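Colleague: Sequence:
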Amino acid sequence: MNIRIRPLGFVTVAAIIGLGLTSCAGVVPMKPAEDSNNPECANVTVRLPDTVSELTKRETNAQATGAWGTPAAVLLTCGVTVPGPTTLPCVSINDVDWIEDDSQAPLYRYTTYGRTPAVEVVIDSEAVSGTTTLVDLGPAVSVLPQTSQCTDITDVFSE
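Counted the way this note's numbering counts, the sequence shown spans residues 1 to 159.
Hint data in this document are derived by calculation from the structure and do not stem from the laboratory.
EDC-like cross-link-like pairs, simulated, lysine to aspartate or glutamate; straight-line CA separation at most 20 Å:
| hint | residue 1 | residue 2 |
| --- | --- | --- |
| 1 | Lys57 | Glu126 |
| 2 | Lys57 | Asp124 |
| 3 | Lys31 | Glu59 |
| 4 | Lys57 | Asp136 |
| 5 | Lys31 | Asp124 |
It should be emphasised that the depicted structure is a prediction, and the values quoted were computed from it without experimental measurement.
Using the sequences plus the hints, can you model the full thing?
Modeller: Have a look at this one:
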């Protein structure tokens, strides 16, 4: 008996194996934000990097979202409620202002300040650096129109 592997058959088998390997990680279940259909969120989504803090981008099941890592250690959602003034710390990283909420540490929630629509990033600080993550996401998020910026007490009362 003579066995021959057809080139097309080999390609098909290789594609099935590849699909099986990539689907092991699965789709990250997320919920779209209320304003996720804002065209500005599409501008962010198409610019999301393939890696964040050396974690590989994952597929999500919701519009205007992104996820990185297995298990997912970074989750991004565009179109969340635009935050108003707050007493939470505000950090500026590469010209993007972020409100930092550490109330669920080691999960840190960062929300853009002064950009519409707003973007929220949830970071597992036990898996990745928050600063590195926000630096990596900065170019994608910075395309959102900036309407205001963080201020502190010295900005308000300076001469």
